[in-house]
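Chains as they are written, first to last, in our numbering: chain S, 721 to 1142; chain D, 721 to 1142; chain F, 721 to 1142; chain C, 721 to 1142.
A hint or two may mislead.
Identical copies go unnamed one by one, so any copy, or any two together, can satisfy a pair.
Computed cross-link-like contacts, SDA-like style, restricted to lysine to any residue with a CA-CA straight-line distance of at most 25 angstroms [claimed, not checked]: (1) 808 - 966; (2) 808 - 1025; (3) 862 - 1055; (4) 756 - 739; (5) 808 - 1013; (6) 1037 - 872; (7) 1096 - 739; (8) 862 - 1010; (9) 740 - 822; (10) 1018 - 1059; (11) 1111 - 988.
Simulated from the structure, these hints should not be mistaken for laboratory data.
Number of protein chains: 4
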Amino acid sequence: MVTETVTLEGHIIDSLILPKVLDTILQMGGAFDLSKIHVGATRKESSHAEIRVHAETTHLLEEILQAIQAHGAVVAGAVDCALEPAPKDGVLPDSFYATSHLPTQVRVNGQWLDVEAIEMDLAIRVVRDPLHARTVPMAEVKAGDMIVTGRQGVRVFPLERPKERDVFAFMEAHVSSERPHRHVIADVAHRMRMIRDNRQKALNEGEAACDPELGTKVLIVGGPAIVHAGGREALSWLIDSGFIHVLFCGNALPAHDMEASIFGTSLGYGLCAGHAVPHGHEHHLRTINRVRAAGGIKQAVESGLIKDGIMASCIRKNIDMVLAGSIRDDGPLPDVITDTLQAQAAMRAALPGVGLAIMVATTLHAIATGNCLPAKVPTVCVDINPAVPTKLSDRGSFQAVGLVMDSSSFLRELAQELSWHG
Amino acid sequence: MVTETVTLEGHIIDSLILPKVLDTILQMGGAFDLSKIHVGATRKESSHAEIRVHAETTHLLEEILQAIQAHGAVVAGAVDCALEPAPKDGVLPDSFYATSHLPTQVRVNGQWLDVEAIEMDLAIRVVRDPLHARTVPMAEVKAGDMIVTGRQGVRVFPLERPKERDVFAFMEAHVSSERPHRHVIADVAHRMRMIRDNRQKALNEGEAACDPELGTKVLIVGGPAIVHAGGREALSWLIDSGFIHVLFCGNALPAHDMEASIFGTSLGYGLCAGHAVPHGHEHHLRTINRVRAAGGIKQAVESGLIKDGIMASCIRKNIDMVLAGSIRDDGPLPDVITDTLQAQAAMRAALPGVGLAIMVATTLHAIATGNCLPAKVPTVCVDINPAVPTKLSDRGSFQAVGLVMDSSSFLRELAQELSWHG
Amino acid sequence: MVTETVTLEGHIIDSLILPKVLDTILQMGGAFDLSKIHVGATRKESSHAEIRVHAETTHLLEEILQAIQAHGAVVAGAVDCALEPAPKDGVLPDSFYATSHLPTQVRVNGQWLDVEAIEMDLAIRVVRDPLHARTVPMAEVKAGDMIVTGRQGVRVFPLERPKERDVFAFMEAHVSSERPHRHVIADVAHRMRMIRDNRQKALNEGEAACDPELGTKVLIVGGPAIVHAGGREALSWLIDSGFIHVLFCGNALPAHDMEASIFGTSLGYGLCAGHAVPHGHEHHLRTINRVRAAGGIKQAVESGLIKDGIMASCIRKNIDMVLAGSIRDDGPLPDVITDTLQAQAAMRAALPGVGLAIMVATTLHAIATGNCLPAKVPTVCVDINPAVPTKLSDRGSFQAVGLVMDSSSFLRELAQELSWHG
Amino acid sequence: MVTETVTLEGHIIDSLILPKVLDTILQMGGAFDLSKIHVGATRKESSHAEIRVHAETTHLLEEILQAIQAHGAVVAGAVDCALEPAPKDGVLPDSFYATSHLPTQVRVNGQWLDVEAIEMDLAIRVVRDPLHARTVPMAEVKAGDMIVTGRQGVRVFPLERPKERDVFAFMEAHVSSERPHRHVIADVAHRMRMIRDNRQKALNEGEAACDPELGTKVLIVGGPAIVHAGGREALSWLIDSGFIHVLFCGNALPAHDMEASIFGTSLGYGLCAGHAVPHGHEHHLRTINRVRAAGGIKQAVESGLIKDGIMASCIRKNIDMVLAGSIRDDGPLPDVITDTLQAQAAMRAALPGVGLAIMVATTLHAIATGNCLPAKVPTVCVDINPAVPTKLSDRGSFQAVGLVMDSSSFLRELAQELSWHG
């Protein structure tokens, strides 16, 4: 029988970390003593547990320690993390440490470094001068980069509940079409107001004046059903009113939005007449072709070809847009990034400062964005199909909230909550 | 080779009946000549086709004639329908004619009689004095009742497109969450206004003054998600404002509606607080118990136990309610009809005069109601799950429209369209 | 500041009970000391915690104690449960204790009594001579029955993990169509073999010889899609081979099963030909009519009208069948219990001894059965629509497993696992 | 009142084209005479109709003619198609003709040319020397290319029913989980055998010996759920046995397939053990990294890193693989085409000769492939979510069949039908 002592620290009751760790030890065939336990008696106070883990063999002990390390268990008497050079461009050392989306530190020269730009399923690159650690995607690693390997000298931190007592603070925020959604929408709207104010403060009084935890940007990730279902005016208004700062989408959302501006249809379905227009299914192709002729969305708006709608608002408000291509695209629009690695990089570059992510009626882009978001960013995912919010909510943070409703009703109710009169 | 001539009459182009008939003949191995064809050159004019059907054997010819008879093909030189007595109570003659939900006539003594109370999957009973034909459910047939058997002497009529050029007139009214729903809701609201006016005319000037095609009642069939999701105020307002006249539901909708009145929750989820209330899942049980103690919903409202909501509005406006029980009910409320055959009979009794059926967030009750509705009643089915509207829309009439959206957003937008300011 | 001490006992780590209790205290605004904690260091050993709960007011303290009582927290120095007479037939005392589906005891005369026939959302009736406690449905209570009220003197027990290390022991048994289902099916099959053996032992050597925890009956709850989709032969074989002992269904499953025997179709769709048969949608009506003429399913099988299929197997093997009616039924078959309260009572009466519940392609009957099942009965719910298994799995026991797949593939693979060569 | 005569030719009854055309005329406010009608009296004989269309204004007449032209109505006395040069690279003339996926001809110099590589939503480029017409994607057009504009001189042909009387010949092949799928699978298997034989004949006796209508390749389009759900062995066997010739997929299917070869897991879920393996979610990342280190899938298989599974079979059988990237990819594998336009081009290049397309558990790739397929290629789309097959089946050809079932059960039953003993 071999033994090792580990410590757990933070909101380990709040986040159900402690029992998960104890259960994992038992499930894998080990045993434990809870040698010390101090549970914070209020919400703010953090907790601390010291656990002595026993196993039959050193191999099993090692396996158990690795498994519970993912939940933040730190082996007492920690050592530095191991570093190995990448063998060639685009290839990591075989035993590279794969990140989670939780706050993470690595120990280098006896010092714990925060891992920058944390995101799940990447590697960690340590750079010496100045000393820092940052995630790196597999495709971007260069031969010789020093990459963290194994699990020693790495620690992750369970999330704290957010300070605001809104929907994002409740684990009970299940995905269901049978829950009242008005309070969720009200809480989202409230957070959007706060972020707009915080952003204003940063612009007026400098970055230092704003609350970095709250963030200064609201990201919307949207699919074309927003336009098809009738949510275009509401989203345009939200952008015009300064509530949205970053837009991730594909080719179809802008194409159908601009189709609506030119032809008054969406996928050929008359937005005013309420029925299909003859040859209307060609309208988005003609729209894409005209925008290609104009040179791009910005030119199309500025030349007056596109007069209203989401794209017109984005261009006028100088929104940070990432249009990421996919293999089902028609055209595509000239602004679409057709290379998927470049598109991922553009999405990552737009994320710093995002304090709220709203995903509406898109599966591909919602999941791609979810992969890049740190766990701590409050996220609301709206879809008529419960499978999409469920996938996002499975990310395991307090702050992912799912809403099962149609995109148009969501955007209209959200805008009304923010005093739109549409 | 044997031959028989059949005629097709009515809106056989409009309704795709002609090609279905021709295709059926070919698919079953027959052949045909289109001996005469007159196609109405305007929407109003009806069409006429005479088809000579050829087949190898008399048996095959008979089978083909039977198959196309369901689409309204009438064998020239029609004979009376066959009638056989029911062998015992609750049992039909083995070869009884099973109805569709389309307008149907049977020929008795050389005279075509309209079949009253047409509904799918029932038998037709002919009564002599006075001579009339009416559908009869299998469980209600009495030994000796004269029942139509076989297919001769029976004819069904394809539906005409409704006169109103609204959503109910378009076969393209697909079920989709990617179509704008505002026009559908506007058309539903428009029809609700017309029916309310028509009803008022009937009340003020007598039945003869009203338009019987339009109907004088709006039926709502609803599930408990209406309350859970936050559509309670909107539905109460619609009832109070005289837009709803019949309600079909189960035990859960009224239970959670009255739970909201007593406890402010729905399935224990606080409708104002936006999160689960401790022990809230017991609230509907306590509600049901208190209403049982009061003696029923009417007594609970009149005694002041229930102050607001859907049930309070129904009682005050004297709405025709059918609460049909199911095996998953708690309690149930005293008003619930626990016998399913009695509940079906109560539903049938409430249908005459219904000019619009709105089904919201219920599968069991929507399908049970769909089974009882004539094809000509405009029907809108709203559900977050596309499977439910799809099932209803598969009924094969112009007038079934599906909407994929959450019940609360639907009811709120419908009420707003009818000038609610909630 | 007021304080009360509570104890938690059992598999409180395993079942995540301890942190839920601590979190509930904090969420409701209280505070606590973990005055003693002993965590079982192996799977078998149970754990024990003593928690001192603090709150600002006695009212808040009371609320917190009530909330955590549902998780098994017992106030030290427990008193007897409160009992009040039912005010009239079918009406409970206003503050009746509403049961969960977990093992429960009530304290009467200083003695803890097991509550018999535990099931969620019922009341508890205490009878004096001989002294025992048993659940009672609201509709069955009689005036003067002594009913447990409030929460004192009641304790519930968290479930232990089942001894078998099969799928039913893992909380990770999520509902997903993206998990391999072969192991789940293998574990279900294994349990079916064990129950068949156990049942055999009970029959041969007497009840005392069998393992009561394992159970002696397998319950199948099924919908008509089993027949439509092609799972009829596999299910018949399972019944014939002695693996199924109780069947809950509605009118449609037996109607379409017997339609297949008489006409070779299911809902008019040829099971051999693979396409719709002319007038085939009438076949189930004719089938029901013939079975009504015969007098019932047993008579139909014994007279040779029905030669093969699920019903034929059930009659031959003398399976305990409960056919519960619903308002969408055609006919119905003479064996259908049309009163929903009587149907619930019949279902309850068939449950003792059930050691495994398999729910296939039915929403209404699956949920109704789920309401009646104690938490400890292993349950597998199979549906093509993930919403149904999700609802069942939300029951909060280890033993509810969801499988998203079509009913025919499930039954065929299950039968093959049990060595069917179909 | 102005008038124009149009003709309709082909299987216009079979395909419901005639009534659609007549109905369109009426709906748009026109009128018509059916001046001549000859309906083919057998399946093989084609039909012919001459329709005189009347409208109030020449503008309305023009609109009606355009609308019905899409259904194959040809204005009598047809003229050549109009051609305009593309204004710049990647931009079409504003009024370019947008293709459907039906067989299409354009009239140039009085001669009708078949449009090659027909596919929906593209333009048609006419090249003079030698004279031919071929579809061209918007992004590939070059300045000066002669592009068909307007609708005159273009005709499309309704599909004939396929000669084989299998599932692909029936419009009734609805998407449903409540239909028996065995016959569909049997028909798919039968067609796979025929194509394998045809391919063999082409290889042995030369292209001229084979039946070009039947095709010589089977395309599978697959998602990672094939591996997750347990369909890997069956698909490998189908490839090894020569039934599959082209594979379209993304990054995830090959990644998880090779993860299964190296680690025995899929997305970290043990394919043998039936539960999640500690740190298993990292396995696919490590797999991708090792394949990147090896240089690609071919090298990974040939070096022995990957020993079994779908990729191993594909490499050994020299299957034509197109791995198209998306923004949610990890890694990706070196074989993934990350540019979406290049990926579309690679997919198009692999389509000629495809006689059957099988889409399994993928939305993005299924829809992208559906966009590129001519209407006449029989297509079966299998998904647990009915929305995906519905989308594909909406393509409006006889030959698109949807199956709602899980991917593993489908592939296993398909392989068993082709005599796999797995």
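So, going through the hints one by one against the coordinates:
Taking the closest pair of Cα atoms, residue 808 and residue 966 never come within 25 angstroms of each other, the shortest separation being 35 angstroms inside a single copy and 32 angstroms across copies. For the identical chains of this complex, residue 808 and residue 1025 are inter-copy neighbours only, at 18 angstroms across copies versus 49 angstroms inside a copy, given an alpha-carbon limit of 25 angstroms. Only between protomers do residue 862 and residue 1055 lie at most 25 angstroms apart by alpha-carbon distance; the minimum there is 19 angstroms, versus 29 angstroms within a single protomer. In this assembly of identical chains, the alpha carbons of residue 756 and residue 739 lie at most 25 angstroms apart whether taken from the same copy (15 angstroms) or from different copies (16 angstroms).
With identical chains, the CA atoms of residue 808 and residue 1013 are at most 25 angstroms apart between copies only, with a shortest distance of 8 angstroms across copies and 42 angstroms within one. Proximity of residue 1037 to residue 872 under the C-alpha cut-off of 25 angstroms is found in neither arrangement, the shortest distances being 47 angstroms within a copy and 43 angstroms between copies. Taking the shortest alpha-carbon separations for residue 1096 and residue 739, both the intra-copy value of 22 angstroms and the inter-copy value of 22 angstroms come in at or below 25 angstroms. In this homomeric assembly, residue 862 and residue 1010 come within 25 angstroms of each other (Cα to Cα) only across copies, at 16 angstroms, whereas the closest approach inside a single copy is 41 angstroms.
Proximity of residue 740 to residue 822 under the C-alpha cut-off of 25 angstroms is found in both arrangements, the shortest distances being 16 angstroms within a copy and 22 angstroms between copies. Taking the closest pair of Cα atoms, residue 1018 and residue 1059 come within 25 angstroms of each other both inside a single copy (21 angstroms) and across two copies (23 angstroms). Within a single copy, residue 1111 and residue 988 get their C-alpha atoms only as close as 31 angstroms, which misses the 25 angstroms cut-off; across copies the closest is 16 angstroms, which meets it.
The structure does not agree with the numbered hints 1 and 6 stated previously, though it agrees with the rest.
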